[in-house]
Amino acid sequence: MGAEQIETKWIGKRIVRPDGVDKVTGRANFGADLRLPGMLEAKILRSPHAHARIKSIDTSKAEALPGVLSVVTAKDFPEVSGMADAGEAQVNFADLSRNVMAREKALYDGHAVAAVAATSASIATEALSLIEVEYEVLPHVIDVEEAMKPDAPLLHDDLFTKNVDPKPDKPSNVAQRLEFGAGDIDKGFGEADVIVERTFRTAATHQGYIEPHAAVAEWTEDGQSRIWCSSQGQFAVRDMTTTLLGIDHANLKVTPAEIGGGFGGKTTIYLEPVALLLSRKTGRPVRAVMSREEVFRGSGPTSGSVVRTKIGMRNSGEITAAELGLKYEAGAFPGSPAMAGCMTAFACYDIENAKVVGYDVVSNRAKCAAYRAPGAPMTAFAVESVLDELAEKIGVDPIDLRLKNAAKEGTRALYGAKFKQIGFEETLKAAKDHPHYSAPLGPNQGRAIACGFWFNIGGESTANVNVNMDGTVTVVSPNPDIGGSRASMVLMAAEVLGINPDRIRITIGDTASIGYSGLTGGSRVTFAVGMAVVDASKQVVTQLCERAAQIWEVDVEGVEWRDGAAHPASSNVGDFDPLSLEKIAAQSAKLGGTITGAAAINARGAGPGFATHICDVEVDKGTGRVDVVRYTAIQDAGRAIHPGYVEGQMQGGVAQGVGWALNEEYIFDDKGRLENPGFLDYRMPVTSDLPMIDTQIIEVPNPFHPYGVRGVGEVPIVPPLAAVASAVSQVVGKRMDQLPLSPPRVLDAIDG
Amino acid sequence: MTKQHITTSVNGESVEYLCEAQQTLLDVLRDELGLTGTKEGCSTGDCGACSVIVDGNVVCSCLMLGAEAEGRQIETIEGMATADQLHPLQKQFLEQASLQCGFCTPGFLVAAKALLDKNPDPTETEIRFWLAGNLCRCTGYDKIVRAVQDAAAEMRGA
Amino acid sequence: MPSIDYVAPTSVNDAVAALAAASGNGRVLAGGTDLLVQMRTGQITPQTIIDIKRIAETREIAESDKAFVIGAAATGVEMSAHNGLKTTFPGIVEAMDLIGSQQIQGRASPGGNLCNASPAADCVPALIAAGATCTIAGPNGTRDIPVEDVVTGPGQTCLSQDEFVVSFTVPKPPPRTGDAYLRLIPRTEMDIAVVGAGVCLTLDDAGVCQAARVALGAVAPTQVLVADGAAALIGSTIDETALNTLAAAASAACNPIDDKRGTVDYRKKVAGVLATRAAQKALERAKA
Numbered sequence: 021m022g023a024e025q026i027e028t029k030w031i032g033k034r035i036v037r038p039d040g041v042d043k044v045t046g047r048a049n050f051g052a053d054l055r056l057p058g059m060l061e062a063k064i065l066r067s068p069h070a071h072a073r074i075k076s077i078d079t080s081k082a083e084a085l086p087g088v089l090s091v092v093t094a095k096d097f098p099e100v101s102g103m104a105d106a107g108e109a110q111v112n113f114a115d116l117s118r119n120v121m122a123r124e125k126a127l128y129d130g131h132a133v134a135a136v137a138a139t140s141a142s143i144a145t146e147a148l149s150l151i152e153v154e155y156e157v158l159p160h161v162i163d164v165e166e167a168m169k170p171d172a173p174l175l176h177d178d179l180f181t182k183n184v185d186p187k188p189d190k191p192s193n194v195a196q197r198l199e200f201g202a203g204d205i206d207k208g209f210g211e212a213d214v215i216v217e218r219t220f221r222t223a224a225t226h227q228g229y230i231e232p233h234a235a236v237a238e239w240t241e242d243g244q245s246r247i248w249c250s251s252q253g254q255f256a257v258r259d260m261t262t263t264l265l266g267i268d269h270a271n272l273k274v275t276p277a278e279i280g281g282g283f284g285g286k287t288t289i290y291l292e293p294v295a296l297l298l299s300r301k302t303g304r305p306v307r308a309v310m311s312r313e314e315v316f317r318g319s320g321p322t323s324g325s326v327v328r329t330k331i332g333m334r335n336s337g338e339i340t341a342a343e344l345g346l347k348y349e350a351g352a353f354p355g356s357p358a359m360a361g362c363m364t365a366f367a368c369y370d371i372e373n374a375k376v377v378g379y380d381v382v383s384n385r386a387k388c389a390a391y392r393a394p395g396a397p398m399t400a401f402a403v404e405s406v407l408d409e410l411a412e413k414i415g416v417d418p419i420d421l422r423l424k425n426a427a428k429e430g431t432r433a434l435y436g437a438k439f440k441q442i443g444f445e446e447t448l449k450a451a452k453d454h455p456h457y458s459a460p461l462g463p464n465q466g467r468a469i470a471c472g473f474w475f476n477i478g479g480e481s482t483a484n485v486n487v488n489m490d491g492t493v494t495v496v497s498p499n500p501d502i503g504g505s506r507a508s509m510v511l512m513a514a515e516v517l518g519i520n521p522d523r524i525r526i527t528i529g530d531t532a533s534i535g536y537s538g539l540t541g542g543s544r545v546t547f548a549v550g551m552a553v554v555d556a557s558k559q560v561v562t563q564l565c566e567r568a569a570q571i572w573e574v575d576v577e578g579v580e581w582r583d584g585a586a587h588p589a590s591s592n593v594g595d596f597d598p599l600s601l602e603k604i605a606a607q608s609a610k611l612g613g614t615i616t617g618a619a620a621i622n623a624r625g626a627g628p629g630f631a632t633h634i635c636d637v638e639v640d641k642g643t644g645r646v647d648v649v650r651y652t653a654i655q656d657a658g659r660a661i662h663p664g665y666v667e668g669q670m671q672g673g674v675a676q677g678v679g680w681a682l683n684e685e686y687i688f689d690d691k692g693r694l695e696n697p698g699f700l701d702y703r704m705p706v707t708s709d710l711p712m713i714d715t716q717i718i719e720v721p722n723p724f725h726p727y728g729v730r731g732v733g734e735v736p737i738v739p740p741l742a743a744v745a746s747a748v749s750q751v752v753g754k755r756m757d758q759l760p761l762s763p764p765r766v767l768d769a770i771d772g
Numbered sequence: 016m017t018k019q020h021i022t023t024s025v026n027g028e029s030v031e032y033l034c035e036a037q038q039t040l041l042d043v044l045r046d047e048l049g050l051t052g053t054k055e056g057c058s059t060g061d062c063g064a065c066s067v068i069v070d071g072n073v074v075c076s077c078l079m080l081g082a083e084a085e086g087r088q089i090e091t092i093e094g095m096a097t098a099d100q101l102h103p104l105q106k107q108f109l110e111q112a113s114l115q116c117g118f119c120t121p122g123f124l125v126a127a128k129a130l131l132d133k134n135p136d137p138t139e140t141e142i143r144f145w146l147a148g149n150l151c152r153c154t155g156y157d158k159i160v161r162a163v164q165d166a167a168a169e170m171r172g173a
Numbered sequence: 046m047p048s049i050d051y052v053a054p055t056s057v058n059d060a061v062a063a064l065a066a067a068s069g070n071g072r073v074l075a076g077g078t079d080l081l082v083q084m085r086t087g088q089i090t091p092q093t094i095i096d097i098k099r100i101a102e103t104r105e106i107a108e109s110d111k112a113f114v115i116g117a118a119a120t121g122v123e124m125s126a127h128n129g130l131k132t133t134f135p136g137i138v139e140a141m142d143l144i145g146s147q148q149i150q151g152r153a154s155p156g157g158n159l160c161n162a163s164p165a166a167d168c169v170p171a172l173i174a175a176g177a178t179c180t181i182a183g184p185n186g187t188r189d190i191p192v193e194d195v196v197t198g199p200g201q202t203c204l205s206q207d208e209f210v211v212s213f214t215v216p217k218p219p220p221r222t223g224d225a226y227l228r229l230i231p232r233t234e235m236d237i238a239v240v241g242a243g244v245c246l247t248l249d250d251a252g253v254c255q256a257a258r259v260a261l262g263a264v265a266p267t268q269v270l271v272a273d274g275a276a277a278l279i280g281s282t283i284d285e286t287a288l289n290t291l292a293a294a295a296s297a298a299c300n301p302i303d304d305k306r307g308t309v310d311y312r313k314k315v316a317g318v319l320a321t322r323a324a325q326k327a328l329e330r331a332k333a
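Residue numbers (the working numbering), protein chains in the order written: chain A, 21 to 772; chain B, 16 to 173; chain C, 46 to 333.
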C-alpha cells in the first residue's frame, strides 16, 4: 500500500448506521435496560471520608432487613496481584481490587466499602444505612503539589517513587518519575532570542458519558457465569473480573450491551465483580446501576495537572529548545497518564534540544481513568499557549510559526517514533486558507489557533465475516460500537466484497462468540478492527474465487473478483459470465460448505493523528463570562470511511475540550468531599453554549492501513484547551494559564 | 406500603399500574411498564435523557411521580414511529449521523418533537435553547441541531 | 421501607387538612423539580406528599383591572404563554423562564420556587421588584403577605407546617412602568444563579423615575430588597450617575458567601453590574 488515495465505491459514503433504527426508536438495550427473572438490585455503600482506615464493618443489621439477600465487603474478594495491559494504560490488579472495594482504607470520598443485594432498589438503599462502618478518619490530601510534599498524608505505606536514584527509603505519594529528552537544552536556550516560561494548571475533569455504569451478573451452579454490561470492551471486563475473582476466563461470558458513551471511562471495571459476587452468594441474577452522583464520586475522571514549560526561539521563529515538567493527579492509586502527557507534549514539532520530566502522584481522589487522548490536552494547553505567546512576542503569524517547526515525514519525535507520512502541515495550511482565519472579529472578541497530536493505537483485533446462502453477509465485530463503528466496518466489508452495504449486517459478538480483541479505545477500532474486517472479507473473496474456479473448472489464478462477482482474469481463461456472490453462495453447500472468513491480527502501524483548531470567543467584560462564538476543527483522518462519524468525533472532542476550558472542574470541600457530583454544578456544555462546529477533514493516507485510515477519536480534544484560553487571553490582555476559565477567574484577570 | 392505582394513557393506549408514592414516572415506565427507551442519566432533571411528553409539554420523567400521571396523556420514544414509518426527526437523525452512542437520542427526539409540535419553524437559537436541557457528550450538538432544522423543513413541506 | 403517602386534594381546605394531618411530615408538591431531587438524594424524607396541582386556585393565571393573580402551581410554560402577564411584567415571565430547561418549565412553578427558599431562586427577585404579595392558606383561612417576607433563610420560610402558598397577586402598575430580571450563570442555561437582579421602575411623562424597586438574589441568605438602589433611581432619569449609585448600592447590599458557584468578591462586583443592566432594560421597557 502506498500513499495514494485508493479509488473506492463505498468507502466515504454516509450510509445510515446499521444499528440506527434501534437507537432512534428506544429499542437499543443499554447497560441498565436488561431485566432477568428473579433479578436482585444491588446498591453500593460509599465512604463519606476522603481518607480513613476501615476498622470494622458490621453488616448484620443490613442482612437482617427483610428483602436483603446478601451483603459483600472486601473480605469476600480474594487477594490478587500482577499487572496487565489495558488499552493505553496498565492495570495493577491489587489496586484494581481495592478500587472496586476498599480493603484496609477508604482512599477517597465515594470509595466503595460494601454492597447489598435486595429484592428491590429501595430495600437495598435502606439496607446501606444499616451497615455500620467504623472509620478512623485520617488526614487527607487532594492537591497534586500538596501531595508531593514530604510531610503530606501518605495514601500507601508501600509506595516508593520509581525511577529515582538512589532508590528512596521512605514511601511517598509520588508513584514515579519520568524523564526523557534529546540534544542539549542549555545549548538550545543559549541560542534563543526569546524565551517564555510559564506554569499552567488544569482541573480534574470527568468523561461525562450520559449513561451511568451498569451491569447485570448471573452466576450458575456449575460456575459458568454471565455478565451483561456496557463497557468499552467485553474482553477487558471478562479478564479483569475473572482475575479479581479468581475464576477461569472461559467460565465468564460477557455480553456487550450498547454503550452510552465512555471516552475512556468505561475501559475499567467497577460494578461487574461486585454484582457477580452478589449473584454467587444469592444464586440470583443481580443488577447494579450507578447513580449520577456515584459516577462522579466513584468513577474515574482524568488528572488535574500542573505543567511548567519553557520554550526558546530565534526571532525567525525557529524553536531552539523546549523543556516541560508535569505533575499529574493519579487519584487514589498510581496510574495517571503522565507518560502520555510527556510523550505528546512536543510531538507536533521538530525540536533538536528538549527535555521532559513527569510525576505520577496519588492523592485522595477517585482513581483516574482514561479520558480521550489521556494526558495530552494538558501538555498541549501549556505548549500551545506558550507558542501563542512567542508568536506574539516575535510578531509572527501563529500558523507560520508552527509551520516553521512542524513535524513532517522523517521527523523523529521526542518520544522516539520516526514519523512516516503525516498530515500536520496540511492541517496548518488548511487553517491558514480557511475563511474563518481571516474573518473580522467583533468587539470583545478574540481568536486563537492551537494544534494537537495523538499516537493512535492498533493491537489485537478479530473479525468474522459469514456469507449466508442468499448472498447476504453477516459480520461479527468484537468491539462495542461507541460512535458508529458498525457503519465503518460494513463499509469496509462492502468495499472488499463489492456488494451493497445494505446486504451486510453486523453484530457485536460476546466473549464466547469471537476471539479476543482489545478495548474500544486508543482510536483503534476503525483502524485495527477495520483491518481485521478487511482481512476476513478478503478471505471470503479468496473462497469465492475458489468456488468460481471449481464451477468453471479453471485454476483459481484465472479468477478475479470485482464488483461483487467472479470474472475470468483474462480472455485466456475462457468465456464465462460473471458469477455473483449471490450465485456462488447459493451453491456453497455443494461446493465445500459455508463461506466464512475469520481474522485475528495484531494490528501495527496506527498512523498518528494531528489537528489544528481555530477558536473565536467573546468575553463579557462586566461579568467575565466567555462564549465560544465560532469554532473550526481541521484534522488529518488518513481516510474518512464514514465522513459523518469522523466529523462527529471532531465536533464531540471540541465540545468536551471547550467544557474543560471553560467550566468543568471537580470542587472539593475542606474535608475532601466532592461538592459537585451532578450535572447541575459539574457544568458540561449544553446545546445553547456552543455554535455550530465547522470541520475540515484532511486525508493524508496512513500507509499501513489498506484504505489509509488513521484513528480520529482522540486528537480533537487536544487543541481546544489552548485554543479557547489563548483566544480569551487576546481579549483580556493577559495570559490565561489556569483552567477552567470560569467567570470569576476571567473577571479577576480583566480587573487585575 | 400502600401502592397507588393509576390509570393513564401511554402512547395512546390506556395503561394501569400500581406504584409506590415515591416512584417516579421514569421508574414506572422502565420498571413497571418495560418501556426502557426512556433513559436515566441523572435523576435530577439535568440531562433530559428521560424526556417524555405529558399533556403536550415535554418534561423530565425523573421529576414527576408515577402517582401524578392519573388521567394524563403520556408520549414516549416508543410511540414516535408508526409500524412502517419513522418520524421525520428520527429519519434526519439517522441520515445526518446525529447520534454516536445513542443514549441521549430518545430524550433529544422527544424534546425536539415537542418543539416542532409547537413551533414548526424554529430558528437555530430557539432550537438550541429548547434543547438545552438535553445533554449530549458525544456530538457537540452540531448534527443534532441540523437534523432538527431539516426535519422541521421536511415537516413544513419546504 | 418507610411508607410514603401521596394525596392530591382538590380544594384548598382539603390540602390544609392533609398538611395538618401529616403534622410536620408533609411536603407540598407543586412542580416537584426541587422536591423530587431532594427526596432522591435523601435530603428530605416526607411521610405524606400533598400534590396541590388538582386545586383550581393554584393553577389559574387570572387578570383583572387591578392585578394579576398567578396560581402558585402554575407552570413556567403557562406563565410564558400568558400574553397579558408577558406584556405587563416581562421581567417576571423571563425570570420564571430562566429556571431550568424546557422540561423543567413544563413543571416548575413560582410557588415552588419561592417555598424551596433558595437564595438563588430566579423568580423571586422579579416578583419582589414588582411588589407582589402571596396568599397563604392555613387552618385559620388565608393571609396575604409581601413576597419578600416569606423566606427567612436558606431552606426556611415563615409558613407554619399546615400552611401553603395558594397564589401570588401582582398589582397592575401605572403607565410607563418596566421590569427586568437578569442573572449570571457560567453557562447559557441549566445553572443556578450566581447573582440575580430584578428591577421594576415607573417613569413620569418627563422620563423621571417616580418609583422603583430593586431586588437581588444569590447574594445573601435571602433575597435582598435594595432600598438604597431604588432611592438612587427615584428622581433621576436613570442616567449614568444614578446607575453608578445603584451599582454601588447593590454591591453594598450583598452579604454573600464563597461557595462552589462563586466568591464573595465576585458576587458583590457582579451584583452591581447586573443591577445596572437590569435597570437599563427596565428603563427601555418603561419608555416603550
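Please note: incorrect hints may appear among the correct ones.
Reference excerpt, derived from the structure (chain B facing chain C, CB under 10 Å, subset only) [as the list claims (entries may be wrong)]: (1) G60; (2) L78; (3) G122; (4) L131; (5) D132; (6) P135.
Think about it this way: if two alpha-carbon atoms lie no more than 25 Å apart in a straight line, the pair counts; the simulated DSS-like pairs of lysine-lysine are [said to hold, decoys possible]: (7) C:K313 with A:K754; (8) C:K111 with A:K641; (9) C:K332 with C:K305; (10) A:K641 with C:K98; (11) A:K691 with C:K305; (12) C:K98 with B:K133; (13) C:K131 with A:K641.
These aren't lab readings, by the way, just hints derived from the structure by calculation.
These figures come from a predicted structure and were not determined experimentally.
Every residue gets a Cβ at the ideal spot worked out from N, C-alpha and C, and that includes glycine.
Verification of the supplied hints:
1. Interface hint at B:G60: satisfied, since its Cβ lies 6 Å from the closest Cβ of chain C, which is below the 10 Å cut-off.
2. Interface hint status for B:L78: upheld, as the beta-carbon distance to the closest one in chain C is roughly 5 Å, under 10 Å.
3. Evaluation of the B:G122 hint against chain C yields a held restraint, the C-beta minimum of about 9 Å falling below 10 Å.
4. The beta carbon of B:L131 comes no nearer than 13 Å to any beta carbon in chain C, farther than 10 Å, and the hint placing it at the interface is violated.
5. Interface restraint check: B:D132 against chain C, minimum CB-CB distance 12 Å, threshold 10 Å, status violated.
6. At about 16 Å, the closest approach between the beta carbon of B:P135 and any beta carbon in chain C exceeds 10 Å, and the interface hint on this residue is violated.
7. For the hint linking C:K313 to A:K754, the alpha-carbon distance of about 23 Å falls within 25 Å, and the restraint holds.
8. Straight-line distance between C-alpha atoms of C:K111 and A:K641 comes to about 41 Å, which puts the hinted pair past the 25 Å bound.
9. Distance hint between C:K332 and C:K305 is unfulfilled; the C-alpha atoms sit about 39 Å from each other, more than 25 Å.
10. Taking the CA atoms of A:K641 and C:K98, the gap is near 43 Å; set against the 25 Å cutoff, the hint is violated.
11. Between A:K691 and C:K305 the CA atoms are separated by roughly 14 Å; this keeps the pair inside 25 Å, and the hint holds.
12. A threshold of 25 Å between alpha carbons decides the hint, and for C:K98 with B:K133 the separation of about 24 Å falls inside it, so the pair holds.
13. Between C:K131 and A:K641 the alpha-carbon distance is near 30 Å, which puts this suggested pair outside the 25 Å criterion.
Hint check: violations occur at hints 4, 5, 6, 8, 9, 10 and 13; the rest are consistent with the structure.
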